[in-house]
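Let the sequences and hints guide you as you build the complete structure.
Here the protein sequences line up with chains A and B, keeping their order. The first sequence begins at 783 in this note's numbering and counts up by one. The second sequence begins at 12 in this note's numbering and counts up by one.
Worth flagging that the hints you see were computed from the coordinates, not collected in a lab. A few of these clues could be false.
Calculated cross-link-like contacts (lysine to any residue; reagent style SDA-like; alpha-carbon spacing at most 20 Å) [as the list claims (entries may be wrong)]:
id, chain 1, residue 1, chain 2, residue 2
1, B, LYS159, A, ASP900
2, B, LYS159, B, LEU61
3, A, LYS842, A, LEU852
4, B, LYS55, B, GLY154
5, B, LYS159, A, ARG970
6, A, LYS786, B, PHE105
7, A, LYS898, B, VAL155
8, A, LYS851, A, MET878
9, B, LYS38, A, MET784
10, A, LYS904, B, GLU59
11, B, LYS55, A, VAL820
12, B, LYS52, B, PRO41
13, B, LYS85, B, PHE105
14, A, LYS842, B, LEU54
15, B, LYS52, A, ARG970
16, A, LYS786, B, LEU151
17, B, LYS166, A, SER972
Some chain B residues near chain A, calculated using beta-carbon distances under 8 Å [to be verified]:
id, residue
18, GLY28
19, LYS38
20, ARG133
21, TYR152
22, GLU160
23, CYS183
All C-beta atoms, glycine included, are put in the ideal place defined by N, C-alpha and C.
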Amino acid sequence: MMNKIWGFIFISAFVFSLCTGNLQTLNDAMINSSGSAVQFILGLAGIMAMWSGLMEIAEKTGLINSLSKLLLPFTKLLFPQQHDSEILSSIIMSFMANLFGAGNSSTVFALRTMEKLDVQNKHRPRASNDMCTFAVVNMAIAPLFPVVIVQIRQLLGSGDPYSIVVPSIITAAVTILVSLVACRILERSS
Amino acid sequence: MSPIFSAFSAGFIPIMGAIIIIYGLAKGAPIYDYFIAGAQKGLKTALEILPFLIGIFLAVNALTSCGILNLVDKIFSPLLGLLQIPEELLPLMFLRAISGSGSLIILQDTLAAVGPDSYAGRVACVMAGGCETIIYVLALYFGVTRVKEMRHAFKGGLIGYITGIIVSIIICRFI
Chain A
783 MMNKIWGFIF ISAFVFSLCT GNLQTLNDAM INSSGSAVQF ILGLAGIMAM
833 WSGLMEIAEK TGLINSLSKL LLPFTKLLFP QQHDSEILSS IIMSFMANLF
883 GAGNSSTVFA LRTMEKLDVQ NKHRPRASND MCTFAVVNMA IAPLFPVVIV
933 QIRQLLGSGD PYSIVVPSII TAAVTILVSL VACRILERSS
Chain B
12 MSPIFSAFSA GFIPIMGAII IIYGLAKGAP IYDYFIAGAQ KGLKTALEIL
62 PFLIGIFLAV NALTSCGILN LVDKIFSPLL GLLQIPEELL PLMFLRAISG
112 SGSLIILQDT LAAVGPDSYA GRVACVMAGG CETIIYVLAL YFGVTRVKEM
162 RHAFKGGLIG YITGIIVSII ICRFI
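Printed below as a string of structure tokens:
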């Protein structure tokens with residue numbers, strides 16, 4: 783799948799640049815993007831190390847396990863076939879980090895969850911149902927309070943910068959529900 | 012309500028850290044050793060996802076720099092006119108799916124053009140607040156796994172994204 787998407791994006795950019803005589807811009811973009819990816823990961827690496835360290839403590843001391851027992855009824859609803867308590871709590875942590883708008887930290891939780899699901903999937907090349915559901919639902923979850931957007935609104939002189947908070951939450955809630963149902967239906971045929 | 016959310020966002024990391032460390036200390040666990048072991052794993056993951064990030068940054072930057080999105084906008088704007096959706100929202104609709112940081116810049120431009128309190132401005136904010144970037148997330152998430160075939164993850168993500176766009180357009184008519 784990624785092969786096709788990636789190839790398609792790149793080739794359409796190339797053909798379009800060629801037609802509009804914009805190859806120089808594309809050239810600059812390509813050179814800069816590799817550098818900015820490395821810079822981005824350098825920024826992320828520190829946070830990743832910190833969270834992974836803290837989560838290691840939480841896992842080894844059994845905190846994660848007790849937490850997952852507490853939230854079990856909820857996760858069972860989303861992932862009825864998942865019985866591994868460590869994975870379930872990892873999923874919950876990702877969702878919570880995402881809800882609280884922890885930014886890069888929530889990415890770290892999500893990546894850890896995917897790694898664990900991959901181990902459970904025995905590193906098969908085919909994604910498991912739970913991998914897809916987790917990825918899709920986590921994508922749909924938006925921060926409860928979109929700090930940056932409220933800031934931008936304030937900056938641009940909005941009369942009521944907070945007016946979009948509740949609509950955003952409702953939008954995300956509907957999206958989460960639809961994504962979940964979509965996964966349930968799609969997983970039967972794919 | 013909003014100050015509470017702000018405090019939650021700001022306090023998430025320190026509070027989580029404090030809970031984990033206090034719990035560890037109470038159990039008498041070698042928390043520092045655990046932390047170092049975990050941090051090592053985290054750095055390894057960061058290095059592992061780097062190639063995927065370079066790949067995705069390359070594609071996204073190529074797409075946004077070449078101006079093809081302007082063409083896409085031109086193609087879709089008559090359709091939006093029919094549905095009575097402000098056409099100023101088009102760049103954001105497409106870019107939000109592709110790039111997170113890029114779409115914030117577009118949001119700023121859109122808001123500056125239409126005003127943050129106009130209908131189009133509010134929809135833009137809700138869109139940016141309620142929808143996530145699909146391609147980047149998928150590349151990253153599946154990058155740490157050995158999965159070659161992500162099955163319905165892309166379709167599911169796309170359905171969720173389109174739902175988010177539609178809901179944000181509808182909901183702002185009422186609020």
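Structure-based check of all given hints:
no.: 1; hint: B:LYS159 to A:ASP900; result: 12 Å, holds
no.: 2; hint: B:LYS159 to B:LEU61; result: 17 Å, holds
no.: 3; hint: A:LYS842 to A:LEU852; result: 18 Å, holds
no.: 4; hint: B:LYS55 to B:GLY154; result: 13 Å, holds
no.: 5; hint: B:LYS159 to A:ARG970; result: 19 Å, holds
no.: 6; hint: A:LYS786 to B:PHE105; result: 18 Å, holds
no.: 7; hint: A:LYS898 to B:VAL155; result: 10 Å, holds
no.: 8; hint: A:LYS851 to A:MET878; result: 15 Å, holds
no.: 9; hint: B:LYS38 to A:MET784; result: 45 Å, violated
no.: 10; hint: A:LYS904 to B:GLU59; result: 19 Å, holds
no.: 11; hint: B:LYS55 to A:VAL820; result: 14 Å, holds
no.: 12; hint: B:LYS52 to B:PRO41; result: 17 Å, holds
no.: 13; hint: B:LYS85 to B:PHE105; result: 13 Å, holds
no.: 14; hint: A:LYS842 to B:LEU54; result: 19 Å, holds
no.: 15; hint: B:LYS52 to A:ARG970; result: 35 Å, violated
no.: 16; hint: A:LYS786 to B:LEU151; result: 16 Å, holds
no.: 17; hint: B:LYS166 to A:SER972; result: 10 Å, holds
no.: 18; hint: GLY28; result: 6 Å, holds
no.: 19; hint: LYS38; result: 5 Å, holds
no.: 20; hint: ARG133; result: 6 Å, holds
no.: 21; hint: TYR152; result: 5 Å, holds
no.: 22; hint: GLU160; result: 5 Å, holds
no.: 23; hint: CYS183; result: 6 Å, holds
Comparing the model with each numbered hint stated earlier shows that hints 9, 15 do not hold.
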